[in-house]
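Trainee: Construct the complete structure from the given sequences, taking the supplied hints into account.
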Amino acid sequence: MPDVRLMLFSILREKVGRGCVELRLPDGATAGDAVDVLFHEHQHAAPLRSHVRIAVNCEYADGTCQLRDGDEVALITPVSGG
Amino acid sequence: MPDVRLMLFSILREKVGRGCVELRLPDGATAGDAVDVLFHEHQHAAPLRSHVRIAVNCEYADGTCQLRDGDEVALITPVSGG
Amino acid sequence: MQALTSPEVRLLVSKEPIDAAAECAFLYTPEAGGIDIFIGTTRRFTGERETVELVYECYTEMALREMRRLVDAAAEQWPVKRCCIVHRVGVVPLAEPSVFIGVATPHRAEAFEACRFLIDSLKREVPIWKYERYTDGSGEWVGSGMQAG
Amino acid sequence: MQALTSPEVRLLVSKEPIDAAAECAFLYTPEAGGIDIFIGTTRRFTGERETVELVYECYTEMALREMRRLVDAAAEQWPVKRCCIVHRVGVVPLAEPSVFIGVATPHRAEAFEACRFLIDSLKREVPIWKYERYTDGSGEWVGSGMQAG
Numbered sequence: 000m001p002d003v004r005l006m007l008f009s010i011l012r013e014k015v016g017r018g019c020v021e022l023r024l025p026d027g028a029t030a031g032d033a034v035d036v037l038f039h040e041h042q043h044a045a046p047l048r049s050h051v052r053i054a055v056n057c058e059y060a061d062g063t064c065q066l067r068d069g070d071e072v073a074l075i076t077p078v079s080g081g
Numbered sequence: 000m001p002d003v004r005l006m007l008f009s010i011l012r013e014k015v016g017r018g019c020v021e022l023r024l025p026d027g028a029t030a031g032d033a034v035d036v037l038f039h040e041h042q043h044a045a046p047l048r049s050h051v052r053i054a055v056n057c058e059y060a061d062g063t064c065q066l067r068d069g070d071e072v073a074l075i076t077p078v079s080g081g
Numbered sequence: 000m001q002a003l004t005s006p007e008v009r010l011l012v013s014k015e016p017i018d019a020a021a022e023c024a025f026l027y028t029p030e031a032g033g034i035d036i037f038i039g040t041t042r043r044f045t046g047e048r049e050t051v052e053l054v055y056e057c058y059t060e061m062a063l064r065e066m067r068r069l070v071d072a073a074a075e076q077w078p079v080k081r082c083c084i085v086h087r088v089g090v091v092p093l094a095e096p097s098v099f100i101g102v103a104t105p106h107r108a109e110a111f112e113a114c115r116f117l118i119d120s121l122k123r124e125v126p127i128w129k130y131e132r133y134t135d136g137s138g139e140w141v142g143s144g145m146q147a148g
Numbered sequence: 000m001q002a003l004t005s006p007e008v009r010l011l012v013s014k015e016p017i018d019a020a021a022e023c024a025f026l027y028t029p030e031a032g033g034i035d036i037f038i039g040t041t042r043r044f045t046g047e048r049e050t051v052e053l054v055y056e057c058y059t060e061m062a063l064r065e066m067r068r069l070v071d072a073a074a075e076q077w078p079v080k081r082c083c084i085v086h087r088v089g090v091v092p093l094a095e096p097s098v099f100i101g102v103a104t105p106h107r108a109e110a111f112e113a114c115r116f117l118i119d120s121l122k123r124e125v126p127i128w129k130y131e132r133y134t135d136g137s138g139e140w141v142g143s144g145m146q147a148g
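Protein chains in written order, with numbering that gives the first Met the number 0: chain A, 0 to 81; chain E, 0 to 81; chain X, 0 to 148; chain Z, 0 to 148.
Treat the hints with care, as some may be off.
Computed footprint of chain A on chain X; a stretch qualifies when at least three of its residues, placed anywhere within it, have a C-beta under 8 Å from a C-beta of chain A [claimed, not checked]:
#1 109–116
#2 129–143
Straight-line distance between alpha carbons at most 16 Å, and here's what the computed EDC-like set of lysine to aspartate or glutamate pairs gives [as the list claims (entries may be wrong)]:
#3 Lys14/X <-> Asp71/X
#4 Lys14/Z <-> Glu56/Z
#5 Lys14/E <-> Glu40/E
#6 Lys14/A <-> Glu139/X
#7 Lys14/E <-> Glu139/Z
#8 Lys14/X <-> Glu56/X
Honestly, the hints are just simulated from the structure, not real lab data. The beta carbon of each residue, even a glycine, is placed where N, CA and C say it ideally should be.
Mentor: Right, here's the structure in full:
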């Protein structure tokens, strides 16, 4: 039962109302599962779902990446720095 | 009989030993004529002759450019600024 | 301010105005003959829309790691002797720089190419977001595909 | 120091060290979103040869006019909002800048292209000459095709 932290930024942070969400996931849960939980609880943010890239512990990762206790999962909406 | 000033730089200035040469030329003389006079008087600089671009009054010009009294003729060896 | 620095590479995310002189001084080295620098500044008009200011948000820890990854990728392709990437966060007023990327290489063609690669890659990969505030009171997270609020 | 300046263009030939901060400040404008800068610095090694310092000579009056002509040519091809070209003359020690070219445009691609055009054109057209002093006591007017002396 990994405890993970979801990190939210920019428009997604605004839609969800927080920059950080703590989640307890079932064993074997993936990064994609964590993202599903968030969007399930915040359906008004759903249009952003398909634009989100996932990062696990500060590196871009696949949705199939299996999570471990203490992992930090960031939901990266399209970036616009520069 | 235009009086003109030849301007010399870098290696050509060193070969000739001066940065500036005053010349009195026959009426109708061209920029190319002025350059010929200089290289005739400084034959050891001859290898530079074919590399020289001419500028008259601070603008690149053709050797056929007819000179007028007071003109400044610069002999521009290959530039290497930057 | 958070930073990741070495003698050759300087990566910085900060709320303070970017100090161009300090970045240039860092880039000067006898190993290089050419330096290319890109600076992004806050532009007033985009078409008819008038911008008041930009506000940048950054996932700083990851942004610094991504910047490092991009510098490493540049150094594999070009002989990079010095490189800096500085991004300002928070409010960036009109005409002020939000990003400063500098690359020093032995010859100029390499510096131009590496610098262009870095700014193009930064805009695609580094987790930083731009919020644009307009004079009509509206605003948006640029490129998010949704209205803010 | 000799200069040719307007609100948008700043051209300078000077024996003083180049003040990068002043040039950057000049380039910042709300009309631009992208600035590209090229800085040429004195490199120590060219192959096996070790340079002590460079010495630049300039036909200043013409150089400023040529720079102006190049800036005008750039402004015909790209939407140049600010542009500066500064060239140092006299001795330029190792790692110090000899030339600083900056271009501010609305978007970044234009800035890169215009800046590249300007440094490439300057190296071909502007009457400035570089003398390279080597550690072995020799020296040469670069590209002149003849030994100095």
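Trainee: Run the structure past the numbered hints and jot down the numbers of the failing ones, going up.
Mentor: The structure conflicts with hints 1, 3, although it agrees with all the remaining ones.
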